[in-house]
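*Asks:* From just these sequences and the hints, can you work out the full model?
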Amino acid sequence: MKGLENNQQIKTALINSLLLSAVLLNGCATTKDTEITAETIEVPSEELLSEEIDNDPYEGFNRAMYDFNEVVDSYVGEPVSSAYRWVMPNIVQTGISNFFNNTKGINVVLNDVLQGKFQQSLEDSGRFLMNSTVGIGGIFDVATQVGLEQNDEDFGQTLATWGVPTGPYLVLPFVGPGSFRAIPGVAVDTLANPITYLGYPIQILAILNARANADGALKFIDEAALDPYVFTRESYLQWRDYLSTDGNPTLTDDISEEDLFADEEYTVEPIDIDDDISESTDTVLDESKPKD
Amino acid sequence: MLALIKIKNLMALISLFLLISTVQAEPLSAKQVVINFQNDLIEVMKQGKKLGYQGRVEALTTPVLNSHDLTKISRIVIGKQWKAFSDDEKQQMIKVFTELSIASYAHNFKEHSGESFRYESEEQTARGGVIVHTYLVLPKDKDVQFDYMLKKKGERWQIINIIANGVSDLALKRSEYTSILKREGFDVLIAKISEKITLYSQQ
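Here the protein sequences line up with chains U and F, keeping their order.
Here my numbering is used: position 112 in the first sequence is 900, and no number is missing along the way.
Here my numbering is used: position 65 in the second sequence is 74, and no number is missing along the way.
Honestly, the hints are just simulated from the structure, not real lab data.
Backbone N, C-alpha and C fix where the C-beta goes; we use that ideal spot for every residue, glycine too.
Watch out, some of these pointers could steer you wrong.
As the list claims (entries may be wrong) - Which residues of chain U face chain F? A partial, calculated answer using Cβ under 7 Å:
| no. | residue |
| --- | --- |
| 1 | T921 |
| 2 | I1009 |
| 3 | D1015 |
| 4 | P1016 |
| 5 | V1018 |
| 6 | F1019 |
| 7 | E1022 |
| 8 | S1023 |
| 9 | W1027 |
| 10 | Y1030 |
As the list claims (entries may be wrong) - Listed next, the in silico DSSO-like pairs over lysine-lysine satisfying Cα-Cα at most 30 Å (straight line):
| no. | chain 1 | residue 1 | chain 2 | residue 2 |
| --- | --- | --- | --- | --- |
| 11 | F | K162 | F | K89 |
| 12 | F | K59 | F | K191 |
| 13 | F | K162 | F | K205 |
| 14 | F | K149 | U | K905 |
| 15 | F | K58 | U | K1007 |
| 16 | F | K162 | U | K1007 |
| 17 | F | K201 | U | K1007 |
| 18 | F | K149 | F | K55 |
| 19 | F | K151 | U | K905 |
| 20 | F | K149 | F | K119 |
| 21 | F | K59 | F | K104 |
| 22 | F | K191 | F | K89 |
| 23 | F | K58 | F | K162 |
| 24 | U | K1007 | F | K205 |
| 25 | F | K55 | F | K40 |
| 26 | F | K59 | U | K1007 |
| 27 | F | K161 | F | K58 |
| 28 | F | K89 | F | K151 |
| 29 | F | K99 | F | K58 |
| 30 | F | K119 | U | K1007 |
| 31 | F | K191 | F | K119 |
| 32 | F | K89 | F | K119 |
| 33 | F | K40 | F | K149 |
| 34 | F | K161 | U | K1007 |
| 35 | F | K191 | F | K201 |
| 36 | F | K119 | F | K59 |
| 37 | F | K201 | F | K40 |
| 38 | F | K40 | F | K58 |
| 39 | F | K59 | U | K905 |
| 40 | F | K205 | F | K55 |
*Replies:* Printed below as a string of structure tokens:
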């Protein structure tokens, strides 16, 4: 009898701690999962490059929040996510990932319509219906296999197409990178996702899935970044710009003219890149010698 | 007599030189520079495991140096601070940045599992550059859009930026580097880049 009670207590404790981790993890998952959270940038890339234009006036606050999220993630997010990936067979992980991805379909269709992309809204509706039925509730991504690629639309992008400016960059505790415009963006995306209305076991799974999916990107940041905070901010802002312009950001303005030509007066060749040419020149000249 | 021979030789040399320079005067188009580089990259990936990290660095050095304007890239990622750099600092920056560029290719393109590049189109920019649009085709994932921005250096087209799915490598590095320079200074920047190179070589 006592043993049973103990068991019950352990179970409760486990559930509580899992819940707590889930709440903490939620933040970390969205922190890193730049593709999912809403918000876009309207500033042309040229301005992004320019040092005078400050897209991060609250850098001090943001860095503190970033560090905080990092600590939480390293103590909770990363270990829980590793455990999840270790326990779940790959095929099950893919199924779970497909399922949650499919639930975003409704929001995609909604934002297609809000952005006036009616043809695309029909395709995305077809995709959602096909995966929900033939794909057994979205577990199998049948639509991609028949050539119906997933479109990435959310309310942050819709706001961008409506001309709402990005506003300053903002890192929130447990929520991660965003901007002032991200707040209404995330709110609408959350309301338009059926997962919001389901019980906590499903939501915990959604969080675990999001963090596990972000794992590759997080490792890449760790590996490639000299300053992970700046790296995250810039890639987030640029990626959102890419999404809200449907893959056609203004590349031509990527570098300011001053930057391209200011170095003309100074050219140092670190390594002789014309090795091949001078070698071939030498060879031909050598051949001319016997003629002497 | 001797002088005459010398002049003859000189004439021969000059005509040879002219001949060579007309042959060389057909520089590759921007598109061809990108395609050649991508082919080299895929080749190295195919032999990646056999070559090992050091082998990949050696195999990629010439292709990277021939196709990228690393002097210009170094200058752009440093931004306004460049003018305040001493000549030594400039050279040091170009040197470590060149090493980093080759090292990151050798690290990130280490093996081949069916990836390929597909050329899409090219466009002229208003400022005399060319953007070559390509895709990295992944067998099990969505294609990644790779846009190369090229500028002419003398007669040769050279890559100065790579934009992967809208994320500009140049803009990213510039934000990072200028931020580190401002907060921690030149020595820390060089140390951090060198640390990255070591890390790449160990994995």
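*Asks:* Now tell me, hint by hint, if it's right for this structure.
*Replies:* How the hints compare with the structure:
no., hint, result
1, T921, "violated, 24 Å"
2, I1009, "violated, 11 Å"
3, D1015, "holds, 5 Å"
4, P1016, "violated, 9 Å"
5, V1018, "holds, 5 Å"
6, F1019, "holds, 6 Å"
7, E1022, "holds, 5 Å"
8, S1023, "holds, 5 Å"
9, W1027, "holds, 6 Å"
10, Y1030, "holds, 2 Å"
11, F:K162 with F:K89, "holds, 21 Å"
12, F:K59 with F:K191, "violated, 42 Å"
13, F:K162 with F:K205, "holds, 29 Å"
14, F:K149 with U:K905, "holds, 28 Å"
15, F:K58 with U:K1007, "holds, 22 Å"
16, F:K162 with U:K1007, "violated, 36 Å"
17, F:K201 with U:K1007, "holds, 18 Å"
18, F:K149 with F:K55, "holds, 18 Å"
19, F:K151 with U:K905, "holds, 22 Å"
20, F:K149 with F:K119, "holds, 17 Å"
21, F:K59 with F:K104, "holds, 27 Å"
22, F:K191 with F:K89, "holds, 11 Å"
23, F:K58 with F:K162, "violated, 34 Å"
24, U:K1007 with F:K205, "holds, 14 Å"
25, F:K55 with F:K40, "holds, 23 Å"
26, F:K59 with U:K1007, "holds, 25 Å"
27, F:K161 with F:K58, "violated, 35 Å"
28, F:K89 with F:K151, "violated, 38 Å"
29, F:K99 with F:K58, "violated, 35 Å"
30, F:K119 with U:K1007, "holds, 17 Å"
31, F:K191 with F:K119, "violated, 34 Å"
32, F:K89 with F:K119, "violated, 35 Å"
33, F:K40 with F:K149, "holds, 27 Å"
34, F:K161 with U:K1007, "violated, 36 Å"
35, F:K191 with F:K201, "holds, 14 Å"
36, F:K119 with F:K59, "holds, 10 Å"
37, F:K201 with F:K40, "violated, 34 Å"
38, F:K40 with F:K58, "holds, 29 Å"
39, F:K59 with U:K905, "violated, 49 Å"
40, F:K205 with F:K55, "holds, 24 Å"
The earlier numbered hints that this structure contradicts are 1, 2, 4, 12, 16, 23, 27, 28, 29, 31, 32, 34, 37 and 39.
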